[in-house]
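Work out the full structure, taking the sequences as your base and the hints as a guide.
First to last, the sequence lines map onto chains V and Y.
When the count follows our numbering, it moves up by one through the first sequence with no breaks and lands on 1698 for the last residue.
When the count follows our numbering, it moves up by one through the second sequence with no breaks and lands on 563 for the last residue.
No false leads were mixed into what you were given.
Partial selection, computed: residues in chain Y whose CB lies under 8 Å from chain V: (1) E406; (2) G410; (3) G417; (4) S451; (5) Q459; (6) I464.
These aren't lab readings, by the way, just hints derived from the structure by calculation.
Cβ atoms here follow ideal geometry from the backbone N, Cα and C, with glycine treated the same way.
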Amino acid sequence: MTGAQMILHALEREGVAAVFGFPGGAIIDVFDKLYDSPVPFYLTRHEQGAAHAADGYARASGQVGVCMATSGPGATNLVTGLATAYMDSIPLVAITGQVASHLIGNDAFQESDMLGISRSITKHNYLVKEVDELAGILKAAFYIARTGRPGPVLVDVPKDIQQASTESLYPEEVSVRGYRPTVKGHPQQIQKAASLISKANRPVIFAGGGVISSDAADALVALAHKIQAPVTTSFMGLGAFPETDALALKMLGMHGTAYANYAIQESDLLIAVGVRFDDRVTGDVRKFAPKARIIHIDIDPTTIHKNVQVEVPVVGDVKSVLLDLLDELKPKNHDAWLRQINDWKAAHPLVYRQNGSILPQVVIETIAEITDHEAIIATEVGQHQMWTAQFYNFKKPRHFISSGGLGTMGFGFPAAIGAQVAHPDATVIDIAGDGSIQMNIQELATVAAYRLPVKIVILNNQSLGMVRQWQAIFYHRRFSNTCLRRNIDCPTHCDGMENCGIAYVPDYTKLAEAYGIPGYFADRPEQVRPTLEKALKTPGPAVVEFRIDKEENVFPMVPSGKALDQMLRGIA
Amino acid sequence: MRHIISLEVENQSGVLARIAGLFSARGFNIDCLSAAWSEDEDTSNITLVVRGDDSVIEQIIKQLNKLIDIIRVTDVTENDYVGRAMVLLKINCPPTRRLEASSIANIFRAKVVDISAKSMMLELTGQEAKIAAFIETLRPFGIKEVVRSATIAMVRDSNFKNNHNSK
Chain V
1127 MTGAQMILHA
1137 LEREGVAAVF
1147 GFPGGAIIDV
1157 FDKLYDSPVP
1167 FYLTRHEQGA
1177 AHAADGYARA
1187 SGQVGVCMAT
1197 SGPGATNLVT
1207 GLATAYMDSI
1217 PLVAITGQVA
1227 SHLIGNDAFQ
1237 ESDMLGISRS
1247 ITKHNYLVKE
1257 VDELAGILKA
1267 AFYIARTGRP
1277 GPVLVDVPKD
1287 IQQASTESLY
1297 PEEVSVRGYR
1307 PTVKGHPQQI
1317 QKAASLISKA
1327 NRPVIFAGGG
1337 VISSDAADAL
1347 VALAHKIQAP
1357 VTTSFMGLGA
1367 FPETDALALK
1377 MLGMHGTAYA
1387 NYAIQESDLL
1397 IAVGVRFDDR
1407 VTGDVRKFAP
1417 KARIIHIDID
1427 PTTIHKNVQV
1437 EVPVVGDVKS
1447 VLLDLLDELK
1457 PKNHDAWLRQ
1467 INDWKAAHPL
1477 VYRQNGSILP
1487 QVVIETIAEI
1497 TDHEAIIATE
1507 VGQHQMWTAQ
1517 FYNFKKPRHF
1527 ISSGGLGTMG
1537 FGFPAAIGAQ
1547 VAHPDATVID
1557 IAGDGSIQMN
1567 IQELATVAAY
1577 RLPVKIVILN
1587 NQSLGMVRQW
1597 QAIFYHRRFS
1607 NTCLRRNIDC
1617 PTHCDGMENC
1627 GIAYVPDYTK
1637 LAEAYGIPGY
1647 FADRPEQVRP
1657 TLEKALKTPG
1667 PAVVEFRIDK
1677 EENVFPMVPS
1687 GKALDQMLRG
1697 IA
Chain Y
397 MRHIISLEVE
407 NQSGVLARIA
417 GLFSARGFNI
427 DCLSAAWSED
437 EDTSNITLVV
447 RGDDSVIEQI
457 IKQLNKLIDI
467 IRVTDVTEND
477 YVGRAMVLLK
487 INCPPTRRLE
497 ASSIANIFRA
507 KVVDISAKSM
517 MLELTGQEAK
527 IAAFIETLRP
537 FGIKEVVRSA
547 TIAMVRDSNF
557 KNNHNSK
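Rendered as structure tokens:
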């Protein structure tokens, strides 16, 4: 068997049902074997698209996503995708071609030091030096990617290794002596946690992406109901707890609900599950949850005490720890606390003002109604992403596919492709802004080619809206380079208020048509529902553009570095 | 606080780069570092001397543990240990002052390893504080060149509680 054959053999043995990638000179041997292989392959139009598609596949399915690219520019185009997956702890295996072993270090054509480049954005990486090591390395790569705190692993395979033949077999078992993640929580820590919970009067469960990656959503719901504690989720945790549940506080943090943030600040016990206390969650970390004792459950010991000092850390797999904890706990009630929370919910709901134009929040609520909160929703990054997080009301895990940690514009569309490949019959929608969608728009060719019925809904405010929002609030409306209508005829400064009459480019309907994809456009509120219904009924992919008001901003908003209860409300 | 951290790592190229990358990416400081083969040809020993408050040291140790090529992390300074560094020192030393220099070397149990018409090279092994004192004592001669090694360390098995002075 050649090295190239071993790579495909490994993919089969690992049960890989989709590979996303792009060929090139240093990986041509693998593509040659792929020609006769049963492994389903999806040719994206850019390697970044392949990395995000593999990531979306992994997020939607819980399986390891796989992407493949050639050396040099092919591999460096994966970098943003690897960094995105790393920040959000998504299991990915990236296989890159490398120039032949004897050329490494010679500045050969399409050579780049991928081990060096990807070191800080992968969980681990390998350069294969001997063909006989290849099988063991691939086995380890899949094992490391999917276990512990998941993450991307890159395997760089020189061209001569792909061509060389090997007698080695794909291993059944793998053991990496420097890598032994703790799965089972320490019983003593679990008892301490149970004891704190039994004494708490104002508990809040704060759930994150770790709940989703350990498939612990059911255990979380059981815990919340058993101890009658309200649940807020981080952005990455959306879907881990049904937002339609009476105990749901929805998202906390910078653009979280006021009632989630108030609950955190008044809580006497924070049960943090599969979270890392990101700065977008905590605001001013010194003023975060000032009255609370904190239990922190996470599989990664480095997250413990990293940003927030906690009283009871429990290192272990979230699901395993939650099930053990449930055994230790007796049912509880917190009627007064839940009454207080319901008062906050009534007094400070998520709101928006009617102004005669299409409201992005209404578009998202309408999508949620039509899809019964059960579509797989990908987003790009920016205002539309936060409105989606606020207004879709996710009910299930693995239905919200969005770049949280890295905040990668251009992620959503290729990620939606991956999610659709994982779930061919599901409704998959990429909710996009007009800034982000242009960053990987070339993948329209991919959805057209594979007839993937991904629906793209562009909330077009003709701006890079989130940056514009910061400029409007914190930078005296100095709209430096956030207007996407701006052209060479514009004056140096523009307050963004007048309708300047400059035509917006591109015309998304025409662009979609160029790819043979139906495009829909609407700019009046009454068109929202019929347009969405028509687009969602369209077989195959579709592009929908809604023109929205560029002055519409995301509220509430905790300004960067402020405490969670120092929210800007926007509107009363 | 200064901590000596001993690592057992996979004997693979790139391990040092992973450690250096970790320290630079997370803003940790390394005072000094020593790396060499171990008895087992598959592994190497790396000794780091790092500085930071308790929370920084906790993160350093956890982050090192997280690197997959690192097999074992030991905070040597949590134990009773022997720590040693080495220095090679070249001083100005005309023949008339050789006796004086070598008597200082004797006091520190240093060795004279080279001698020329104008200079003398000395070798000393010991704790960092002793090496610093040695260099200061010889400074009046005029120091031509100093090369210091990083500290290496090993935990004692003889667990005599009051033995800290002999570190």
